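**Q** Listed below, chain by chain, are the residues.
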Amino acid sequence: MAGSIPGSDLAEGAAPVARSAPDPVRAHRWRVLRRAARARLAPFGAAVVVLASLVALAAPLVAPYDPLAQDLGATLAPPGRGHLLGTDNVGRDVLSRVIWGTRVSLLAGLVSVVLAVLAGSVLGLVAGYCGGRIDGVVMRVMDAVLSFPPLVLALALGAVLGAGLTGVLLALGVVYTPTFARLMRGQVLSIAARDYVDAARALGAPAWRIAARHVVPNAINPIIVQASLSVAFAILAEASLSFLGLGIQPPQASWGSMINAGRGYLQQAPWIVFGPGAALFVTVVALNFVGDAVRDALDPRTRE
Amino acid sequence: MGRLVLRRLSATVPVLFLVTAGVFLLLHLTPGDPIDVMMAESVDATVKETLRRELGLDRPIHVQYAAWMGRLLQGDLGRSIRNGEPVIENVSRRLRPSLELAFFAMTISLLVAFPVGIVSAIRRNTAIDRAGATFALFGICMPNFLLALLLIFFFGVTLRWLPISGYTDPLEEPWNGVRSLALPAITLGLALAAVVTRTLRSSLLEALTEDYVRTARAKGLSEWRVIWGHVLKNALIPVVTVLGLQLGTLIGGAVITEYVFALPGVGRLVVDAVFARDYPLVQGVVLLIAVGFIVSNLVVDVLYGWIDPRIRSR
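Protein chains in written order, with numbering that gives the first Met the number 0: chain V, 0 to 303; chain E, 0 to 313.
Since the hints were derived computationally from the structure, they do not count as laboratory data. Owing to the predicted nature of the structure, the values given are computational and were not obtained by experimental measurement. One should not assume that every hint holds.
Unchecked claim - A few chain E residues facing chain V, derived, Cβ under 8 Å: (1) 30; (2) 34; (3) 37; (4) 140; (5) 254; (6) 274; (7) 285.
By construction, the Cβ of each residue, glycine as well, lies at the ideal position given by its N, Cα and C atoms.
Okay, chain E solo, but in the shape it has when bound:
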């Protein structure tokens, strides 16, 4: 197990290095002078010069990279040019709503996917199975922002059950907090639920053909006991893989969801930074998101080895 973790970690190092290089180069991909893009023409030339010197843009590119990398290794991700605050502070202030959204979305998706996936597998090729399949197809094809607007239309505008934007921290005001996160979490959770349902159904069907299932049935276990006691555990491995693969989509979905529902999360911060042309902030946040993504993929890989001992030995 320790070896698996080590191997994964060592494979990550060069990728991390390339990721930082890519994020650094991002600023230099802008057509024209990045300072002119970031600041309006009317801004005083001396202010522009100061920013240029601060960002090191007046120096050769390899010197800039070395300086940037040096600061990065000390944990300095730079400062936002809009509010002058360090990127880290900008992000940490936004982290909680994003994590809460992710938690609720994940909970909803598993609460939906497991019953639907299991019933679809047991009642294969029945009306229930087909309804489940249709649900999964809708979930996969429905763009996040459209689902969000449909939910706002029905539950917010028409029925007026739930708030349609804004954020209350559920740790401070549990009832209002959960209500404020309900629609965003459903938006984000349903797409994930669709993918998990499909995966769970097909991996359950595959596991149901194994010999041990025949043995379990032969000794007179009920179908539910067979599924619960024997099949489900073996069918979980592909589900964990898919959850890992879906992380990227989930993060992208969170960006859109936070934007639509005006949640002050990290995703919203990316969008705001992009449109404010606050490139140091964009660089910092994108880098942090990428590192977070890489780390969670690492965790999924290790988790995978923990669930399935056969992978560890490979």
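So that you can see chain V by itself, here it is in the shape it has in the complex:
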């Protein structure tokens, strides 16, 4: 599927000529970065992601209003000078709520993917390294998790874990874990068969050191690629769940819950939906560009 969306058809033109770089590691990193930057839309994506992160971090400073402050004299006000994105049905400033919602979305995307990467990598490592019955049990459990449609599983888990942000983060972490476990296991199986692992073992290195020094560093690239592509999906999933009413609870703002709250006012005040909707869409598109660029840079299969 590489090259089928704008921005991923980057690696055209001559491959970078190997310069007389003395440090192969740094030279490699440089190549990776250059390849990522050559994607036409990656800089746009990266800029949006950086901007969104800054906004999320500095939410209290950049939000023009208190996101919870109601102004019943100015309900459903259209976008204008006082309120750049208008106000909602109880007169809260939509822009300020979108800004605070950025925090929730980015946090949800990052934390759930980090949870999944950690849990999945450990499980995959154990399964691939131990083999035998442990491998069978771990991977069947992963298959079982994959047997649920992701959103349905997240919905059910989020429901029993409690309707807070933590429940949703854990639920999404569980949903994405099998992907990383499978990836890591596959990597471990192929790397464990290599000569340098045999050599390390012959030298008497303990299993944990072989894992930490030889297996994980060599297995990490596909994990990074998958993780960077997963963040966008995790943000979409959190928004979907909070649209349905799980996740962070009102009156706190999240993009999904704002969109849900605004759908009753589509006719009189569509900006309540379109503000957070645009923020969500642009963030996800940007993260996709970045993810594609990371993949093209790190995944040998997409190089010529």
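With chain V fixed as given, assemble chain E onto it according to the hints.
**A** Chain E alone, transformed into the frame defined by chain V:
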């Protein structure tokens, strides 16, 4: 072929077992007493005790599991605590709108994806191809519920062409039924169309580099004949795989779509059950959805072997 089916089936059994165990444990993941979570504090203590005994929550967990599993094997999925009806009846009443939605969404996605994918592959790197790629990107990044609201805004609220919520059965009132499913089906279909378009385009491009394509061109076939007669069939295999992989997303999308458009389908039932804290119903429906998902994946696997004889022999 029979062996392929058997092998797939036998691999499914342990997974099915784990899935049931997971669904059973779902009820026990609730922080605190599930009865207190399900019922308001004001509910009489004796009523709570009755429910506790009915659900078997007063017994040790392995006894509960054995009893639950025993009933499950007899086809008893338990009862909703809200309306007291068996889960099966709750679900079967909701099945038709969901299946109709899935059918229309699939039809729309294929009607969009095939022309766009084929034209993009033939007119590669032209403006048409780029427009197709942009469409695919939008389809993948656009959340279901946002697309639904955009469609409601334009076609329902502004133009007033189509109803924005509710359900009429197309088998009873064809015209109104199709109209009531139009926006939900477009919502669900476009995301799928985006993924299928991307896959079809890239698998067509790959198939176009094969030797038999050169032969076909050399004997003077038009480009359309080459695609239609030779390339398309070979490019379909990845499309079937992707359709299979997208099933889970499709089901999740159906949950959201049914919620937004107030369609009385299975997806809406899950959401309602979750927010009514009707855990026996949640368990039953989630289990049925998972089993349905597993079975359809099985079908896709077998279909895959049927399309491509090379896979059967492996």
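**Q** Does each hint hold? Answer for all of them.
**A** Verification of the hints:
| no. | hint | verdict |
| --- | --- | --- |
| 1 | 30 | holds (6 Å) |
| 2 | 34 | violated (13 Å) |
| 3 | 37 | violated (11 Å) |
| 4 | 140 | holds (4 Å) |
| 5 | 254 | holds (6 Å) |
| 6 | 274 | holds (6 Å) |
| 7 | 285 | holds (5 Å) |
Hint violations for this structure: numbers 2, 3, all remaining hints satisfied.
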